[in-house]
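Generate coordinates for the entire structure from the input sequences, incorporating the hints supplied.
Residues per chain are reported as follows:
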Amino acid sequence: MAKYIFQRLVYMFITLFIIATASFFLMKQLPGSPFKAEEKLSAAQLEILYEKYNLNDPLPIQYLNYLGNLFQGDLGVSFQMNNQPVTEILMSRIPVSAHLGIQAMIIGTIIGMLLGVVAALYSNSVIDYASNIISVIGISIPSFIFAGLLQYYLGVELGILPVAFWGSFAHTIMPTIALAIFPLAISARFVRTELIEVLGSDYIVTARAKGVSNATLMFKHGLRNALIPLVTVMGPMAVSLMTGTLVIEQIFAVPGIGEQFVTSIMTDDFPIIMGTTLFFAFFFILIILVIDILYGIIDPRIRIAGGKD
Amino acid sequence: MENILEVKDLNISFDTYGGEVKAIRGVSFDLKKGETLAIVGESGSGKSVTTRAIARLIPSPPGRITSGEILFEGKDLVKASEKQMQNIRGKDISTIFQDPMTSLNPTMKIGNQIMEGLIKHQKMPRGQAKKRTVELLELVGLPNASERVDQYPHQFSGGQRQRVVVAIALACNPKILIADEPTTALDVTIQAQILELMKDIQKKTDSSIIFITHDLGVVANVADRVAVMYAGKIVEIGTVDDIFYNPKHPYTWGLLGSMPTLDSNEEELVAIPGSPPDMLKPPKGDAFAPRNEYALEIDKVQEPPMFKVSETHYAATWLLHEYAPDIEPPEAVKKRMKGFAKTGTIRTSEEGEKS
Ligand SMILES: Nc1ncnc2c1ncn2[C@@H]1O[C@H](COP(=O)(O)OP(=O)(O)OP(=O)(O)O)[C@@H](O)[C@H]1O
Ligand SMILES: [Mg+2]
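Chains as they are written, first to last, in my numbering: chain L, 772 to 1080; chain G, 280 to 634.
Not one of these hints is a red herring.
Listed below are several chain G residues computed to face chain L (Cβ distance under 7 Å; list not exhaustive): (1) G396; (2) Y431; (3) H433.
In silico lysine-lysine, DSBU-like type, Cα no more than 35 Å apart, as pairs: (4) L/K991 - G/K478; (5) L/K991 - G/K370; (6) G/K362 - L/K991; (7) L/K991 - G/K388; (8) G/K358 - L/K991; (9) G/K354 - G/K287; (10) G/K478 - G/K312; (11) G/K579 - G/K614; (12) G/K410 - L/K991; (13) L/K991 - L/K774; (14) G/K312 - G/K613; (15) G/K409 - L/K991; (16) G/K388 - L/K774.
Each pair of labels, with its calculated beta carbon distance range: (17) G/S436 - L/I1068: 21 to 31 Å; (18) G/Q434 - L/T858: 41 to 51 Å; (19) L/S984 - G/Q434: 23 to 33 Å; (20) G/E607 - L/S984: 51 to 61 Å; (21) G/Q407 - L/F940: 46 to 56 Å.
Quick caveat, the hints were computed from the structure, so don't treat them as lab data.
In this text, a Cβ means the ideal position worked out from N, Cα and C, and glycines have one as well.
The following block contains the structure:
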């Protein structure tokens, strides 16, 4: 197991290196200049700024400098925000996004799971069809549409929740709902399919033939086996939440990492773009790794296989 | 001997998109204490449905017991509530299923799977249940039982898993053990061991066994009586000797004719022509008539009742009617019947093992 995790960490490192390189060169292709907003700057002043941030060096040199700093954990300083270090900016933004993301993930999967279980138990009933419609809507309609609708109805028409900004728990409700709909829809579908399959399997008949009660049958034999595979879709779900925050934080003016990322792209703030990209990549790989390990822990078939080598 | 189970005129239907499938059409039989009843018949004849109905394990929907009685110790299980059935399943009536690879819960330690019944039915505390589980695993011939209780099904081979399934079924010393093709998925040596095991345990506990199989050789070895099923009915029932030495139904002749024996060569194997009827629209008259070269005119119009051949032996064929022409089984089958007697395939093989 330890060897396996170490191996995965090495791969993670290589992947991050490739992403850092690719995003560095891609970013250099972005049109415009970080300082284009300061229109009053003269050519000479611009030249001074370029010089200061080493933007006049040949590309390979810039690249090597960048990598060198990266290895020391230095992501550079923002061009736009008073030379604030990128790591500092990320650190102030991540907790906000994490708060939203975790809240949405937990609420989405729990409600989705319940919906899926009920739909499986009463398959082909009205409840099942209703859950199916909710899932299809949740999967096919992008989250920003929900965000807009929520803002309009709950925020403007009814006025029961703040339309935007960050501060109290009330501020988190609408963005959480908007973000939670996708994981909710996915897990409802997934759990329904898995549970129906599990409940039709031979070992459920064996358990019934033992005389166990319906509750035991459902929870000990059915749900456990149906929920284990849900862990595998948690990874993609977390990633979709990540991309969801890019838009949702913008719409609700939430000071999270997604909002920062979008703003930085608009202003060509290279170090922040780079830093955020790397953070997203790191987070993505980490999630996949954690989920693989988690899966091994809860599924005995994989646990043993992993333990042998 | 006293009957532990009496099935009376059982009818079971499945509601499908195509319509009502009448899978079981008037099955009656009884099971005595300590005996082994084998049920044979082609695929789809209703063997599994009949036996699953006894433990009320038919999924509903689509399945439905439309009429009939299943009297277990005099009590009608058809009318029993789900709660009452839960107290009977696993305790009085146990079932062993065909496929050991899929009939164990993959994420539960096998010890826990065996203990479940003990804790539920015998109210054993966990520690005692675990001890009993180890004993059971030793009983079914699994080495290192005390270690293996904490392992998961994927750590067992197919034959070992079937032993675990047998241990689950035997845990509470059931009065009736239903074995639905328990050895079909296993190789021949393991098959023999599992059969031996079931026979041993039956002797010790005096339980009754209903044994479903396609293998007439196995029937000859393990059964006291045989029921032959065709298209949702029992067409012939009798002792092993009745069925093997004095079969009366042309379908039974067909089954015996298609059974390979050690000294028969290829040409002598006769397959039954045609295929079973579509149970969505069962034919008028005898369902076997279209495949029966001895079919009489009346077979096409009216279903034959059960005719009594002897105290133990009944068959549903118009050939047994007093006005029917005298028809002998085909030569190949007669030769085979003589062969059974000569080589002692039937019964005596058991005595042979013992001596
Ligand atoms: N869930 C179901 N839905 C519809 N029809 C069913 C269902 N289960 C069984 N049947 C029908 O009941 C009939 C009897 O099936 P059963 O499984 O008892 O056959 P069997 O004799 O056990 O065959 P095999 O030897 O292949 O196991 C078949 O015609 C089958 O189509
Ligand atoms: Mg069957």
